[in-house]
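These protein sequence lines map, in sequence, to chains A and B.
Count the first sequence with this note's numbering and you get residues 1241 to 1746, in order.
Count the second sequence with this note's numbering and you get residues 144 to 303, in order.
Derived by calculation from the structure, the hints in this document are not laboratory data.
What you are looking at is a predicted structure, and each value in this text was computed from that prediction instead of being measured.
Do not rely on the hints blindly, as some may be mistaken.
[Claimed, not checked] Taking lysine-lysine and the BS3-like style, the derived pairs with C-alpha atoms no more than 27 Å apart in a straight line are:
no., chain 1, residue 1, chain 2, residue 2
1, A, Lys1607, A, Lys1336
2, A, Lys1346, B, Lys205
3, A, Lys1267, B, Lys152
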Amino acid sequence: MNTTMLIPLLVAIPLLFAFFIPLVARKIRVLADILGNLATLGALIIAILIFGSRGIYELGGWSPPIGINWVLDGFSNLMLVIINLISFTATLFSSKYMEQYTAKYKYYSLFLLMVAGMNGVVLTGDMFNLFVFLEIASVASYALVAFGGNHEELEASFKYLILASIGSTLILFGIAFTYGATGYLNMASIASTISSGGRNPILLFAVVFFIVCFGIKAALVPFHPWLPDAHPSAPAPISAMLSGVLIKALGIYALTRVLFNVIGMTTVFGWVLIAVGVLSMVVGVFLAVGQWDFKRLLAYHSISQMGYVILGIGLGGYILSSGGEQSAAMLAILGGIFHLANHSVFKSLLFLCSGSIEYSAGTRQLKEMGGLLEQMPLTRATCTIASLSIAGVPPFNGFWSKLIIIIAAFQAGFPWLAAITILVSFVTLISFLKVLRYAFLGKLPEALRQVRESPAIMAIALVILAILCTGMGLLLVPGVREVILDPAVAALLQGIEYAQVALPVF
Amino acid sequence: MKGMTVIVKTVTRWVKVFIFLYGIYIIITGHLAPGGGFADGVIIACSYILLMLAYGREFALKRLSSRAAHHLDSSGVLLFLVVALLGLGYGGIFFGNFLQTRFPGVAFKLLSSGTIPISNIAIGIKVAASVFLVFIILSVLRIVLDEDGTQKMVQDEEEE
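Isolated chain A, as found in the complex (with noise of 0.2 Å):
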C-alpha cells in the first residue's frame, strides 16, 4: 500500500473523532473514553506506519505553489510518532483522571482538535496552512487550560490567550511580509526563490517577528511569562501535552523549521537562537528551584529544558552558517532534536506523576506532602525515573542528549556553554531531589494515611512513559540512530535545499 496515501488520516482521524465524540458520546460518559483512546491510538499506529516513508501529498489534487502541499521528511516523522505517542499516553490517563470533571465528551473533543493542529502543523509545507494549523491547536488549549473553570483557571487561560494570541497575529504578519518579498506561500517555493534571487531585507524584518512569535509559543525566557501559569492550570493529561509536545510543535518544530528550511540560516540567526536558549535554560532552571508547587516547578523546567533544545539546534545552525565542520554542526542538531525527543517522554511523564499524586492526594503543593513512598510505589518509582533522566543522570535518557549538547559545545569551540550547560544540569538535579525528598520521603501527614495508588489504567500510561525514559538511550546505538534520528538531523542540515526535496518541479 502506498504510505503516501495515510499521511491525510493523521489530521483528518483526530478532527473525525473531535467531531463524532460530542455527537454520540455526550450522555454516555465510557463511549467517550473509548472513542478518544480509539482516535489516538489510530493515529499512533499511522504515524508509525509510515515512520521512514518520504513523500508529498498535494491536497486536493492542485500541485504547489498554489495548491498546498504536505510534506513528510526525516524530521516531521520524528514529531509525529512524538505528538501521537505522548497524546495516546495522555488520553489512557484521562480515562480515569477526567472523572473528576464534568463534560468529558468536550475535553476529548478540544483534545483531538489540539492533536489535529498539532499533526497538521508538523506536516505542512506551506506557512499559510501552518498559520491555520497553528491558530487550531492553540485555540483549543487556550479552552483546555480554562477547562477546570476556577479562577485561578481562567485567569491563567486568559494570560495565555492574550499572550499567544498576539503572537498569532504577529507570525500572520510575519507571513505576509515573506509573501511580500517573495510572492509565494509555498515554503519550498519561497526557499528556492531566496536562494536565487538573494535577500530582500523586508525578510530580515520578518524573521525577527518569526523568532519573537513562535518564541512566544516556545515560552522561550523574555517570552516565557504565559507558562508557569497556564501549565500548571490546566488538568494534568493537558499539561503533558502542552509542556510535552505543543509548546515544541507551535514553538520550536515551527521556528527551526522556517529559519533553517525556509528563510535559511545566518549566523546572526545563530547567535540570537544560542543567547536565548542560554538565556531560558539559566532563567528556567534558578525561577524553578525556588517553587513549592510541583506543576508550577514542572513549568518552570519545561522553559529551561526548552533552553537546551533551542541551544543545540542553534549551536548547529551557527556552525552551519558560520562555514564550519559538517560533523560538528550536526551533533548539534542531533544534540538539540534528541532532547526535544527526550524531553516530551519525561517531561510528560513527570506531569502525569503529578496529576497522579493530585488524584490521590488531593494537593499538589510540596510542603503539604510527605512519606508517600509507602503508599503510591508505582508512582514514586515512574516518578523517580523521569526526575533522574531530566536531570541527566546516567543510564537515563536526558543524559545522554545533555551529553551531545555539551560534546558538540566542546567541538565547536566554546566551552564556556558546556560549562553553562552542566551548571544547570547540576541545579535541576538539585530541584528535582528536592521533589522526591518532599513528595515520597520524610513523614506521612495524617491528612494522607488514607491515600491508595491511583487506578490500573493510570498506572499503565505512567509504566509505558517509564520504560521509554529508560531505553530511549539506545536511539544513539549505530544503526538504530541511522534510522531515527539522523533522517530528522539530515533535514535540517540540508538548509534551504530543502526546495529541491520539498517542490521537485523546480
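With chain A fixed as given, assemble chain B onto it according to the hints.
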C-alpha cells in the same frame, strides 16, 4: 412581556423569512457568485439572532434549541470531512473533487463544480450553528451582585 416593542416584533416577523431565504440563496449559488458557506452561515444565524433580540431568548430557543445547534455544529464539520474523505476513497486524493467528471464546472449552472456545493452547505450549517451558539453563550451568563456586593457569574439555565 419579553423582548422589544411591538413595532420591532412585527417588522421582525416579516423580515426574518427573507433573511433566511437570502441565506439559502447565498449557499446554493455559493460556487457561482460571490458568497459561499461562511457568508451564508452568518446570514442564517443572523435571522435567528434577530428573533432572539426581538422576542427574547426563550422564543428563539424554542425554534432552535441549543442542543440541536450543538448537533448541527458537529454534523456540519463531519459532513465537510466526509466529503474530503470520500475524495480520498474514490480518487486517492484528500479533498479531491471526485464528482467533477459528473458535474463539471459550468458558469451559471446550479448543478456543477462537483463537491464544492456540498462543502458549501456543510460549512454553512457549521457556521450558522456556531454563530448562534456563541450568541447563546454570551446571553446565558450574566453577572449579578450578591448582598455583600461581590460579583458572581450566574448561568440562567442548564445549557444541556
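_Restraint check for lysine 1607/A with lysine 1336/A, where alpha carbons must lie at most 27 Å apart_ = Status holds; Cα separation ~26 Å.
_Pair hint outcome, lysine 1346/A versus lysine 205/B [Cα-Cα no greater than 27 Å]_ = holds, 24 Å
*Taking 27 Å as the top limit, are the C-alpha atoms of lysine 1267/A and lysine 152/B close enough?*
Given pair lysine 1267/A, lysine 152/B is violated - Cα atoms ~37 Å apart, limit 27 Å.
The structure fails hint 3 only (numbered hints given earlier).
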